[in-house]
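Chains C, B and V, in that order, give the protein sequences.
For the record, in the first sequence the residue sitting at position 213 is 213 according to this note's numbering, with numbers rising by one throughout.
For the record, in the second sequence the residue sitting at position 158 is 158 according to this note's numbering, with numbers rising by one throughout.
For the record, in the third sequence the residue sitting at position 106 is 106 according to this note's numbering, with numbers rising by one throughout.
Keep in mind that the hints were calculated from the coordinates and are not lab data.
Note that beta-carbon positions come from the ideal geometry of N, C-alpha and C, so glycine has one too.
Watch out, some of these pointers could steer you wrong.
Below, a sample of chain B positions facing chain C; criterion: calculated Cβ distance under 10 Å [stated by the list, open to error]: (1) Ile102; (2) Arg219; (3) Gly259.
For reference, the chains in residue letters:
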Amino acid sequence: MSRYRRRRLVNRAMEVLATVAALVAVGVLAVVVISVARRGAGAVSWGFFTKPQALFGQPGGGIANALVGTALLVLLATAMALPVGVLSAIYLTEFARRSVAVPIQVVIDVLAGLPTIVIGIFVYALLVVGHTQSGYAGAFALAVIMLPLIARATQEVLLLVPDTLREASLALGVRRWRTVIGVILPSSVGGILTGTVLAVARAAGETAPLLFTSSIFANTVQTDVTKALPNIPVLIFTYSEQPDPALHQQAWAAALVLMAFVLLASLAAKALLARSRRKLAR
Amino acid sequence: MSAVPTSPLQATYHRLRGRFGDLSLLGLTLAAALACLVLVGAIVWKIVALAGPSFDRFGLGFVTARVWDPVKHVFGALPFIYGTAVSSLVALVIATPVAIAIGLYLSELAPRGVRGIVGSLVELLAAIPSVVLGLWGILVLGPFLAHHVEPWLHSTVGFIPLFGDPQQTGQGLFTAAVILTIMIVPIVASISRELFLGVPSDLEEGALALGATRWEMVRGVILPATRSGIAAAVILGLGRAVGEAIAVTQVIGGGTRIGWSLFPPADTLASKIASSYQGAGSGIETSSLLNLAAILLVLGLIANLIAQVIVRRFDPLRGAR
Amino acid sequence: MTESFTIAPVIDVTQVRPDSHAGEREVVFDIHDLTVSYGRVTAISDVNLQIHRNIITAIIGPSGCGKSTFIRCLNRMNDLVPGTRIEGQILYQGSDLYASGVDPVEVRRRIGMVFQKANPFPKSIYDNVAWGPRVLGMRKDLDERVEKALRSAALWDEVKDRLKKNALSLSGGQQQRLCIARAIAVEPEVLLLDEPASALDPIATSAIEDLMHHLKREYTLVIVTHNMQQAARVADLTAFFSLEVDENRRSGVLVEYDATSKIFTNPSDKRTEDYVTGRFG
Numbered sequence: 001m002s003r004y005r006r007r008r009l010v011n012r013a014m015e016v017l018a019t020v021a022a023l024v025a026v027g028v029l030a031v032v033v034i035s036v037a038r039r040g041a042g043a044v045s046w047g048f049f050t051k052p053q054a055l056f057g058q059p060g061g062g063i064a065n066a067l068v069g070t071a072l073l074v075l076l077a078t079a080m081a082l083p084v085g086v087l088s089a090i091y092l093t094e095f096a097r098r099s100v101a102v103p104i105q106v107v108i109d110v111l112a113g114l115p116t117i118v119i120g121i122f123v124y125a126l127l128v129v130g131h132t133q134s135g136y137a138g139a140f141a142l143a144v145i146m147l148p149l150i151a152r153a154t155q156e157v158l159l160l161v162p163d164t165l166r167e168a169s170l171a172l173g174v175r176r177w178r179t180v181i182g183v184i185l186p187s188s189v190g191g192i193l194t195g196t197v198l199a200v201a202r203a204a205g206e207t208a209p210l211l212f213t214s215s216i217f218a219n220t221v222q223t224d225v226t227k228a229l230p231n232i233p234v235l236i237f238t239y240s241e242q243p244d245p246a247l248h249q250q251a252w253a254a255a256l257v258l259m260a261f262v263l264l265a266s267l268a269a270k271a272l273l274a275r276s277r278r279k280l281a282r
Numbered sequence: 001m002s003a004v005p006t007s008p009l010q011a012t013y014h015r016l017r018g019r020f021g022d023l024s025l026l027g028l029t030l031a032a033a034l035a036c037l038v039l040v041g042a043i044v045w046k047i048v049a050l051a052g053p054s055f056d057r058f059g060l061g062f063v064t065a066r067v068w069d070p071v072k073h074v075f076g077a078l079p080f081i082y083g084t085a086v087s088s089l090v091a092l093v094i095a096t097p098v099a100i101a102i103g104l105y106l107s108e109l110a111p112r113g114v115r116g117i118v119g120s121l122v123e124l125l126a127a128i129p130s131v132v133l134g135l136w137g138i139l140v141l142g143p144f145l146a147h148h149v150e151p152w153l154h155s156t157v158g159f160i161p162l163f164g165d166p167q168q169t170g171q172g173l174f175t176a177a178v179i180l181t182i183m184i185v186p187i188v189a190s191i192s193r194e195l196f197l198g199v200p201s202d203l204e205e206g207a208l209a210l211g212a213t214r215w216e217m218v219r220g221v222i223l224p225a226t227r228s229g230i231a232a233a234v235i236l237g238l239g240r241a242v243g244e245a246i247a248v249t250q251v252i253g254g255g256t257r258i259g260w261s262l263f264p265p266a267d268t269l270a271s272k273i274a275s276s277y278q279g280a281g282s283g284i285e286t287s288s289l290l291n292l293a294a295i296l297l298v299l300g301l302i303a304n305l306i307a308q309v310i311v312r313r314f315d316p317l318r319g320a321r
Numbered sequence: 001m002t003e004s005f006t007i008a009p010v011i012d013v014t015q016v017r018p019d020s021h022a023g024e025r026e027v028v029f030d031i032h033d034l035t036v037s038y039g040r041v042t043a044i045s046d047v048n049l050q051i052h053r054n055i056i057t058a059i060i061g062p063s064g065c066g067k068s069t070f071i072r073c074l075n076r077m078n079d080l081v082p083g084t085r086i087e088g089q090i091l092y093q094g095s096d097l098y099a100s101g102v103d104p105v106e107v108r109r110r111i112g113m114v115f116q117k118a119n120p121f122p123k124s125i126y127d128n129v130a131w132g133p134r135v136l137g138m139r140k141d142l143d144e145r146v147e148k149a150l151r152s153a154a155l156w157d158e159v160k161d162r163l164k165k166n167a168l169s170l171s172g173g174q175q176q177r178l179c180i181a182r183a184i185a186v187e188p189e190v191l192l193l194d195e196p197a198s199a200l201d202p203i204a205t206s207a208i209e210d211l212m213h214h215l216k217r218e219y220t221l222v223i224v225t226h227n228m229q230q231a232a233r234v235a236d237l238t239a240f241f242s243l244e245v246d247e248n249r250r251s252g253v254l255v256e257y258d259a260t261s262k263i264f265t266n267p268s269d270k271r272t273e274d275y276v277t278g279r280f281g
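Input sequences plus hints: build the corresponding full structure.
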């Protein structure tokens, strides 16, 4: 075969391989989503959302308490992580010298890469040992995971604000803190919101941090944050390891709900991003 | 608040209030930033401190000891280091070329409209919670691999010791590696796509104008130009795989076996911690589990720091993040 | 790059060395009714032109009149821009360049291009020149090939001791000559140069222009330039493009195409005269 024809063939083969790889990725996504949807849809009903978990061995039951628990945990975690994340980002972009900012950034990136099981164990050793599991402990563990995500997202959007805006405000005699709070932050709200939504989507699905900090089995709706709260990820995890097919189906259904939430949150974040981009481009 | 004071007293008041405001904001934000530092330090310190008793008892030999016996109070990390290493490396070997191929597809090959959709779908794959992937792994992937893939592999390439006798349940290193692959691919693919899109188009045009095919241009210009970025992405993916506890626990079956075949059950550092911690009977067992966590922490830190060094040294733009 | 701002043209016609037989040489490109549009914008319309062998043809005209678009049609680089529509016909040595069976990859090997901004690969000087031949399968005597290309680009003496050094360490003018060497190394028949010296200083520009005079012995050269003096200095034939605004359409058209000396001293079209005398553009 001539050299030229061989080159064309190789090019074509590579194109096919790349396309196949992309198709495989999309295919795997489709398989997982369809599996979850098919197996979980049967158990999803109004009752599923409103009834708490049934006692082990009893049929029926739903995920009401786990839903409430996850909502509380994530809400609490966001309340902990958001201020610290945003404030850290402000420090890094508005106040810190490069020599100080870079090490802190390195550490925040390290935090983002820590295995979640290690974070779970840490919070367990810190807050649960000697006491009991609690919603606070679980939320704190989730907050540790959300913190670097929010900080990074905030940093990126703060960096997008042009320096001329800062200079203009300062040149008017407006003080630094007012400039930050009154000018820079408002224009960054879109990006911060996007980052927070993504962090929330991530936190809602995390199991390892909650395994040791907030992982009870309960069959009533709990709202006491000082005690452990049932939650969706641990529910799925626990049920998946049981041999009972009825529990499996509940797990599939809960997974369906969780995935739907993650999907919606991602779409919302994308929409927010597009909107804030349009605003900045004005 | 007017910028022009109306009296000396008011001027002083405004100035002090302004300075107070500035200082307060500085103090608040500095405290938040320091809190991050303290947090990481506390995590490292606590884990290491709690691993102390186990480290004192077993020393560095912990890393090479093969026995994990809660009854006799003898503990060793080797089976789990083996499990982590094998599952992560197998996943990496499969995931890396696939992810790079997807990155190339998304940046070079896909038509305009398809690009955005497929890109979003790949990102969605990354967003699947690991517990859901693990659930799917136990109930769908595991049986599928056990009944179709493992026997086929054993019968065709069974002479390679990696592919020994197939398992019944599909719980084992192989399934874990496949799950980890699914987790790594979107991470590396997204980063690769950004890197490839960042190669200046006049370099691409220069290569094509010489009469090179698209693939030759990719191989000769794009891949060499993005080499270090891809390395960082791969290491990032490796860190993810090493640290994954939940999905791996669900599909790996549990065990302390060290052997050639990929199919039998095993445990990784992360999965052992996740599965055994609640049931830990003695202080020394708990401490040994934390010893495992310390090893995991060190591995994760190394991977993360190497990736950061690569990115910051070779791509100063991205380091500003 | 700034044009000379005068009323009368400051072009030394005695410097023009026209090839009086230029128009009689064999036709390499035969272009009929070429119209190129990107989406709804028409870049050039109804261009009819013939490019002849072994001479330098210059394409001049004001910014935005489609000169680059035109030249990029000749090696099918416009294929890379999505939404490009090409109507009309371009015959290269008698064959339709855009016929359905034609592979752009092969077209680009035979019709080389040098770009406005030098774009050497981030590789060594040697590897920049050798990459093309390696990929195309001309692996024998690679060293000789590289040397020959660098000599033809008048760069050999300056780089022969540092072939392994990174190409980006060269000066702008050297990088551009390296790109020319790189293009020559794959043995094209035609060289298209899209404003090759616009980013260079006068000395480097002059080196490139001298180079072109040598290169035309072996290759057919088509150069786009918005520097009239350059066209007068190097080109045998010159084509003047301009913008035509008609109805709702703004597009580039070929106004006049003739021997360089005629274009600059005695143009037939008033628009050409206005342009070369500096009255506009």
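Each hint, compared with the structure:
no.	hint	in the structure
1	Ile102	holds, 5 Å
2	Arg219	holds, 9 Å
3	Gly259	violated, 25 Å
Against the hints set out earlier in the document, a violation occurs for number 3 only.
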